[in-house]
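The task is simple: from the sequences and hints, build the whole structure.
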Amino acid sequence: MDFQIALLLAQDGITNGAIYALLALALVLVFTVTRVIFIPQGEFVAYGALTLVSLQSGKVPGTLWLLLGLGMVITLVDLSRAVRARKLRRMPSVILFNCVMPLLLAGLLSVVSPATFSLPVQVFITLILVVPLGPMIYRLAFQPIAEASVLVLLIVSVAVHVTLTGLGLFFFGAEGSRTPVFTETSFAIGEASLPGQALLVIVSSLILIVALYFLFERTIYGKALRATAMNRTGARLMGISSSMAGMLSFALAGLIGTFSGILISPITTLYYDSGFLIGLKGFVGAIIGGLASYPVAAIGALLVGLLESYSSFWASAFKEVIVFTLIIPVLLWRSLTTRHVEEEP
Amino acid sequence: MKNLIFLWAFIVALALGPLVLPEFYVTLLNYIGLYAIVSLGLVLLTGVGGLTSFGQAAFVGLGAYTTAYLTTVHDVSPWLTLPAGLAVTAVIALSIGLITLRLSGHFLPLGTIAWGISLYYLFGNIDALGGYTGISGIPALQLFGFELKSGREFYYLIWAILLVLMVATRNLLDSREGRAIRALKGGSLMAESMGVNTPRSKIVIFVIAALYACLSGWLYAHLQRFINPTPFSLTQGIEYLFMVVVGGVGHVWGAIFGAGLITLLKQWLQDWLPQLLGQSGNFEMIVFGLMMILVLHRSRDGMWPIVQRCFPERAVRPRVAEAEPLPRRAVPPAGSVLLKISNATKRFGGLVANDRMSFDVHAAEVMALIGPNGAGKTTMFNGVSGVDPLTSGEIVFCGERVERLEAHEMAQRGMCRTFQHVRLIPTMSVLENVAIGAHLRGRKNFVHAACRTERDEEARLLHEAALQIERCGLAEHLYDVASSLPLGKQRIVEIARALAADPCLLLLDEPAAGLRYLEKKALADLLRRLRDEGMGILLVEHDMDFVMGLADRVVVIEFGQKLAEGLPEEVQRNPAVLEAYLGGIE
Chain A
29 MDFQIALLLA QDGITNGAIY ALLALALVLV FTVTRVIFIP QGEFVAYGAL
79 TLVSLQSGKV PGTLWLLLGL GMVITLVDLS RAVRARKLRR MPSVILFNCV
129 MPLLLAGLLS VVSPATFSLP VQVFITLILV VPLGPMIYRL AFQPIAEASV
179 LVLLIVSVAV HVTLTGLGLF FFGAEGSRTP VFTETSFAIG EASLPGQALL
229 VIVSSLILIV ALYFLFERTI YGKALRATAM NRTGARLMGI SSSMAGMLSF
279 ALAGLIGTFS GILISPITTL YYDSGFLIGL KGFVGAIIGG LASYPVAAIG
329 ALLVGLLESY SSFWASAFKE VIVFTLIIPV LLWRSLTTRH VEEEP
Chain B
3 MKNLIFLWAF IVALALGPLV LPEFYVTLLN YIGLYAIVSL GLVLLTGVGG
53 LTSFGQAAFV GLGAYTTAYL TTVHDVSPWL TLPAGLAVTA VIALSIGLIT
103 LRLSGHFLPL GTIAWGISLY YLFGNIDALG GYTGISGIPA LQLFGFELKS
153 GREFYYLIWA ILLVLMVATR NLLDSREGRA IRALKGGSLM AESMGVNTPR
203 SKIVIFVIAA LYACLSGWLY AHLQRFINPT PFSLTQGIEY LFMVVVGGVG
253 HVWGAIFGAG LITLLKQWLQ DWLPQLLGQS GNFEMIVFGL MMILVLHRSR
303 DGMWPIVQRC FPERAVRPRV AEAEPLPRRA VPPAGSVLLK ISNATKRFGG
353 LVANDRMSFD VHAAEVMALI GPNGAGKTTM FNGVSGVDPL TSGEIVFCGE
403 RVERLEAHEM AQRGMCRTFQ HVRLIPTMSV LENVAIGAHL RGRKNFVHAA
453 CRTERDEEAR LLHEAALQIE RCGLAEHLYD VASSLPLGKQ RIVEIARALA
503 ADPCLLLLDE PAAGLRYLEK KALADLLRRL RDEGMGILLV EHDMDFVMGL
553 ADRVVVIEFG QKLAEGLPEE VQRNPAVLEA YLGGIE
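Taken in sequence, the protein lines are chains A and B. In this text, residue positions in the first sequence follow the numbering used here: the first is 29, and each later residue adds one. In this text, residue positions in the second sequence follow the numbering used here: the first is 3, and each later residue adds one.
Do not rely on the hints blindly, as some may be mistaken.
[What the hints assert, rightly or not] Residues on chain A that point at chain B, a partial pick, calculated with CB under 10 Å:
| hint | residue |
| --- | --- |
| 1 | L155 |
| 2 | I156 |
| 3 | G194 |
| 4 | A202 |
[To be verified] Quick look at which bits of chain A chain B covers, simulated, 3 or more residues with Cβ under 8 Å:
| hint | stretch |
| --- | --- |
| 5 | 171-181 |
| 6 | 187-193 |
Since the hints were made in silico from the structure, they are not lab data. From the three backbone atoms N, C-alpha and C, an ideal C-beta is built for every residue, glycine too.
This is the structure we're talking about:
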């Protein structure tokens, strides 16, 4: 391996690592706020990328039907509860978000072929199609059992993952696809050249990470999320609704996942089930951070990207084996350094 | 009685099945049996132990690949490859368990996900194992010189093994070790304080579940005579979990029920869904996923309890048989120092919860630890009982330095405690709950329990538990479910549980809270009796009447420091104590 290849692999590793880092941050966020180990995180990556592909080829993406379906179910569930409790005050906004907006979107996509839109508009439509699925999934699958044990939440999480993967196959078919590159430019750094797309991924990830930092440090909603993560009961006593915090964290996870999917759609061919492995690599990063520390999770994820990139050069067949076996020494190290104290049941 | 008839009908139907059913159904039943063996392990792990694994399919693969490789490449007899496979599985499960089980509960399932993926890719990429095409030409099994070539013949082997494992698993759960496993789900803190080595219990059930899976894989390889990595992927691992969650995660029968239900449903959905959707693919996963979410929302115990309602079960109350009493610990002479605490300090970050506390407890004495809320009494208790070790300081118990020992080691040395927030296993009977306390007084292990060769010991343990319950005045509640008792009585059950351990020092954390007047009086009488028998009692309590009437000596703490120590009447007159409790007089 000469320097040129090493550099190329490093660039590849950092690009993927940046995506894993984003996912790792989302996983830590969701886990600390809701105690849900969000296995379906990766599905948002696949859904985001494949929705964009559908839009670009002028098709109505299947995620629209999912959005409509989940919206209807939520409206029905909320409506029946509101009628029973005689509290209809919040129903207009529930109907607006869950029924009217998806229907408007469906109307728009059936009238105008999405292929005619410019790239930013397509990206925007992808985001408003896929991101709301996050809070919707929280509302239906997790909120009713928000007080259950981490184990039960994890099993539900896996069930959601399996359902979404099956739906992905139905929506997008078994073939993989990728989008054309967003930018053709490339930058020369000494002898190596850095493709603009890779730079775009890295820079966008950085911007998103900084934006998240400001969200948590400077906004009231970010602080509410941090408070919930620190102490759910305490936060609730201070008037922070834990279902609001749950919805918000799932919305952010949805945003991060979809955004990552859009970013990598021109670099890798994605299949309906590719998201799972991508999400799990984010997980390895998150576990390095003990599912608690944001910076360590991000650095861990970057490491996973680099490890994957170099092992694909040395032993490409064993790439996945190496990446996922990394978790063993990490867990061993954590097990030796932390003393687990049980919380009150 | 009625249930026994159903059971025999089930077994007869099973035995006659292959004689009358067409080939297709025999094959299905074979698969159901193989899946049920794996699910049975998951019931033990998830439903009973409160842990979970997504990597069971990988253990199945380990069993299948070990035998496939050894029989085809090295011509080893299949009957030798079984122990080989089990040994490999045990070693790997043991290492995964040792690494993850000391961490919070969710790291084990995450670890098994990674393990499931790694092993799948490993199988697929090792040329010696045939890569993704797999290994073919695996020999048939020979049983008593008879070759099990067809599915119909194999059927009997699979179901016989399954039934044996079911019986063994049920036996195991209804034993001393089984109670320890069932106690895990209620939080390991209690089990640990009763002397259960909880990491060991967790690892044991994880290994047992892995071994069941490996056995299923061995059978699969010789039934199919050909293997490739696909049935050992993570997807299949998740499907196994579906089976037990949908079937009934806490029930041995739930394993068979779930395996049958999911297998049949899958068969049916694989026929219908592609036609319905106009595409081919594994769309049954959508249905399974939704089903699983629904089951966990609506009936977390799975669907077996719903089936069970059709078989009205008459509560069979096992009489506690007379048995030889268990040997007792030598009682230290009255007045000798049992527990000596010197300079005990506990810090939580910047907060000093206990600051250089020193006091001692003698045999045949009631020592009360009192103080305002937040004074650090429970912290002191946790430090003494090994639940949450001190930052610094020295604890000597029966002449031995113990401040670095774990809770179960403390219990072994004769110190037993109750909890301020009652920690009983709500679904178990009072008798079984108290029997957990006697855990350390039995010796027989998992294997004995599975083969029922520990019945003598079990009878003695239950007898002891019943004696202690009677002693605490709860004889009429022996077989009641613990959660059905009022809180005050649950506290007494906690004391009975601690007594079942035959301690020489009893630590009671607010035993009188929530008791009515007469109950308090009965409790005080009980504690006096225990003291007169030579037991040392350290007690944290808020009820001053109760403490002052009972305690021989009192230690008052405030802000983590010792404020006063002495006889109850001295302490009551101590100006510093009066000021702490009533406020100063300016």
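To see whether the hints hold, each was checked on the structure:
A distance limit of 10 Å between C-beta atoms decides the matter here; for A/L155 the minimum to chain B is near 25 Å, and the interface restraint is violated. The restraint placing A/I156 at the interface with chain B is violated, with a minimum CB-CB distance near 24 Å, outside the 10 Å limit. For A/G194, the suggested interface contact is upheld, since its CB lies about 4 Å from the closest CB of chain B, less than 10 Å. Restraint check, A/A202 versus chain B: the minimum CB separation of about 6 Å is within 10 Å; hint holds.
For the stretch 171-181 of chain A, the proposed coverage by chain B is satisfied: 7 residues have a C-beta within less than 8 Å of a C-beta in that chain, meeting the threshold of three. Residues of the stretch 187-193 of chain A with a Cβ under 8 Å from some Cβ of chain B number 7, which satisfies the need for three, so the listed coverage holds.
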